[in-house]
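Q: Sequence:
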Amino acid sequence: MAGRLQAMATLCWARVSAPSAAAAAAVGWNLAFSPSLSVSRAVGCPSAAARGCGLWQIRGMAGDGNAGEKAKMPARLVQVQKLLNDVPDLPDDYGKPTPKITMDHVTVTFARSGGAGGQNVNKVNTKVDMRFNVMASNWLPERIRLKLLQQEKNRINGEGEIVVSSTRTRTQKGNIEDALAKLQDMIDAAAYVQPPPSEETKKKIQKLAQKENERRLQDKKKSSSKKSDRRNKGSWD
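Under mature numbering (1 follows the signal peptide of the UniProt record, and there is no 0), residues -23 to -1, 1 to 214 are what the sequence shown spells out, in order.
Honestly, the hints are just simulated from the structure, not real lab data. Just so you know, not all the hints are guaranteed correct.
Cut-off 30 Å, straight-line C-alpha distance, at most; resulting in silico cross-link-like pairs (DSS-like, lysine-lysine) [as the list claims (entries may be wrong)]: (1) 159 with 198; (2) 77 with 124; (3) 159 with 184; (4) 203 with 179; (5) 188 with 204; (6) 179 with 150; (7) 77 with 179; (8) 199 with 180; (9) 104 with 159; (10) 104 with 73; (11) 198 with 184; (12) 124 with 104.
Taking CB as the label site, the calculated pair distances span [what the hints assert, rightly or not]: (13) 128 with 69: 17 to 23 Å; (14) 166 with 207: 54 to 60 Å; (15) 85 with 187: 55 to 61 Å; (16) 166 with 113: 19 to 25 Å; (17) 127 with 187: 37 to 43 Å; (18) 172 with 210: 55 to 61 Å.
Every residue, glycine too, gets a C-beta built ideally from N, C-alpha and C.
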């Protein structure tokens, strides 16, 4: 059976025109018959004779093999390469201390505080309502202001102010400090920039990627060897 297929494949190859063969060589197609090339489409398709057993019937390896390798690359390896290659540009303020918010940057109003508070509950205005106008705060870099608008969109009122309240303590001073701390946490979160990987980390990642690729190639080689053994066994039968 194997000899019959080889003979039919040779016949099909003989019918490929010289220009087609030259074109195939120009683009890097491998037309040498081997167990890895499939001629089943040429001998099994009813329209094979009508189409002249052309190049479209032969499965080859294109000259640009990188695309195929990328398609078969494990997801983990793709993520590793993306981490190494797609390092975002760092902002101008990267590495500088995050600006601190103070009373000069906010508007404060007081109200009576509910809940447990002893004899002064509902009698003393200790509740703090603090408003912070994001876009008017030029002391913050623009990227932080834009991130704040996106990050705290559910807290921003119609005037573009972030509104926070505090009733944590029984004093105005304590609640002011608590409200400022809440705003500072928001600013710190908006200012955070993922640091790029260090050279040591890059080396570790590259080493892991190399091991992963070696394992993939070994598995591929084992699989190919098993298929070859099965084909050889079938030909002897």
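Q: Output the numbers, in ascending order, of every earlier hint that fails for this structure.
A: 1, 3, 4, 6, 7 and 10
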